[in-house]
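Undergrad: Please work from the sequences and hints to get the whole structure.
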Amino acid sequence: MKHGFLSIILHAHLPYVRHPEHESFFEENWLFEAITECYIPLIGVLDRLENDKVPYRLTLSLSPPLICMLRDELLQTRYLKYLHQSLELAEKEIIRTRLQPEFQKLARLYRRFYKKTLTIYQDQYDCDLLIAFKKHHTMGTLELITCAATHGLLPLLNISEIAVRNQIKIGIETFKANLGFSPSGFWLPECAYYPGLEALLAEAGINYFFVDSHGITNASQIPRNGVYAPLNCGNGVMAFARDPESSRQVWSSQEGYPGDQDYREYYKDIGFDLDLDYIAPYILDSDIRINTGIKYYRITGKDLPKEIYNPKKARVKAQQHAQDFINKRQQQIIDLNTTMDRPPIIIAPYDAELFGHWWFEGPQWLECVLRLASNPSNPIQAISCSDYLAQQSSHQIATPSASTWGDQGYFSYWLNETNNWIYPFLHKAEAEMEQLASDFRDLTINSLQKRALNQAARSVLLAQASDWPFIMKSETTTEYANKRITDHLARFNYLHDAIRKNNIDNRYLTALEIMDNIFPNIDFWDYLPSKKKN
Amino acid sequence: MKLTQLDLLEISQEIRQCYAPKMSASTPKLILMPVAPKHLYAYWSLGNNKSIPLQESSTQPLTLRIYSASDKNNYLSKGYEDIPMNRTQYQQDVFLSNPTNGASYQASLGTCFSDNFLDVIAYSNLTQLPQEKPAITQVKADFHPLSTNKEIKASAYNNDSGQGIK
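Residue numbers (numbering that gives the first Met the number 0), protein chains in the order written: chain A, 0 to 533; chain B, 0 to 165.
Check each hint, because a few of them may be wrong.
Some chain B residues near chain A, calculated using beta-carbon distances under 8 Å [to be verified]:
#1 Gln4
#2 Asp6
#3 Ile14
#4 Arg15
#5 Tyr18
#6 Ile30
#7 Met32
#8 Val34
#9 Ala35
#10 Tyr40
#11 Gly101
#12 Gln127
#13 Pro129
Keep in mind the hints are simulated off the structure, nothing from the lab. All values derive from a computational prediction rather than experimental measurement. Glycine included, every Cβ here is placed at the ideal spot set by N, Cα and C.
TA: Have a look at this one:
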């Protein structure tokens, strides 16, 4: 007899980074690293669970930019090149470490890892990982949902309802075009919610979304079941809240599993440690040190010399941590059952890129958790939110409060002195796009104008990505984030000017279509207050 | 149409140089955005406003007068809060002294005279302040995106245990 539910949600997202105007481009590695270290290992987990007939349930949110990048031929080709290069470096490492057996053992492990990755990517899934995710969705074990078109932070775009509506609508349309069905759930970028957003989600056919804990605890009515049951926003759309306890165990730097001393150390990478002459072919422009993915050390401990990584020991630790996680969820459920009027559901959402990239053993931990949760003898059952809603028919009605899952819980990470300059420009471009659509409402437009208007809409959407203000605040690749915002706004300004002056240059427009080829089916009429019907 | 990598790069660079975003607005405008409980962000454009004599406009400070749209009677005793704004800027953080939790706010921007008359240049949109949350620890990490670049020191994100999670 099950007494409660656990819903693990992985949100997979990367900003749209694709630069056909360059032979290679460093920031494209974000995708390549995520494919190698996160998405393919995740598929490995799902495939093994399938082979072992484990009745698991997991939810994966695939963001539209990620969907488009995974389907992009140029990026697929470049990823294969990246992977072959990683394999070559691992082979070179086996030779270099021939007198250091412990290190050579790890070098061999990396070679096996890259070879297996290549087999899964190229042979098993024909360079299209969406096929793998869809396969598991079709089998009923993986629930796929999606996110806003370019991961725009919706409360900060809400100066225009059309901007928010299009982020939702175009996101869902992109998902449907690539996965072949409509998602039931929607991942709000950064869990950013404002009261009223549920109306636009309902309009788009969405049944549920997620907010951070305080979005529910501060709802318009006191939630009877705390964060362990969804709220009906009043229009039938359900809001689920993140469970702070299960989040803390994974995210927290103080208490979180990923900081364990036996896990692989992310920051000791041979790209930074080995002689420049040796590593030059595998780093940026042969002279700027970057991560290569090959790392030989474990976290070890504060202020201690780093010790060599022991994969077997790390695997055992991941299993222990999985058992600990399940034990704590079971105890939580037992406690909650004494006070709740229904079986509790614990919502545990994480960035998919945590598992495998930052936390190398994360996929092992996840696999163990899903196996343990499927054990019929324990009182916890893994479930998707769709399945939960199918089982529970009535829900408390209340409106969540404005919130995000970011630092401080509100919008300050995306709106502060490092990035506030972008918003007047973003709002202006959005308003001008809507004005363009309005002004063309009763005019006959030719194919060149239509292409330019659609491309202008792509530029607006790409500029709206929450990733750029996030990076500006976190001071990581700030120069690149500034460049991207500036480029997309400049491209919009160019197109706006050309359309207004009826002076569209086919060569320039084609170049922009090649460079920003996201959302091939975009329809600029979506920017009309009431959409023009054909 | 066949375009080479170089063609694409040149077009990209030319567009960036010639069409980079610039602040310009012919009509006065004021936008309020929510940041956190008690904290709003405002940006504005005075446009080509001719209603304020030039001499006066250059010396008198701007005032942002904020009203609670959902709780007009109780928002401070006078029904609004005046916040001085820096005329030389086009944006400013706005911290409300005693806001109603979760209430909606609207503002007008203008020049305030001694009798509290506000000569309004622009009215804002309506925005809702987030509600104060209960005291719980924020647990979401803020690492992102995946790869570090040359500017990032290897230890930039290390925590006590050396792992890259805050």
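Undergrad: Does each hint hold? Answer for all of them.
TA: A quick look at each hint next to the structure:
1. Gln4: 6 Å, holds
2. Asp6: This interface hint holds because 7 Å falls under the 8 Å limit.
3. Ile14: At 5 Å from the nearest chain A Cβ, B:Ile14 passes the 8 Å test, so the hint holds.
4. Arg15: 5 Å, holds
5. Tyr18: With Cβ-Cβ at 4 Å, under 8 Å, it holds.
6. Ile30: 6 Å, holds
7. Met32: For B:Met32, the interface hint holds, since the closest Cβ of chain A sits about 6 Å away, which is under 8 Å.
8. Val34: Given a least distance of 5 Å, the restraint on B:Val34 holds.
9. Ala35: Since chain A brings a Cβ to about 4 Å from B:Ala35, closer than 8 Å, the hint holds.
10. Tyr40: Hint holds; B:Tyr40 Cβ to chain A Cβ min 6 Å, cut 8 Å.
11. Gly101: 6 Å, holds
12. Gln127: 6 Å, holds
13. Pro129: For B:Pro129, the interface hint holds, since the closest Cβ of chain A sits about 4 Å away, which is under 8 Å.
Violated hints: none; the structure is consistent with every hint.
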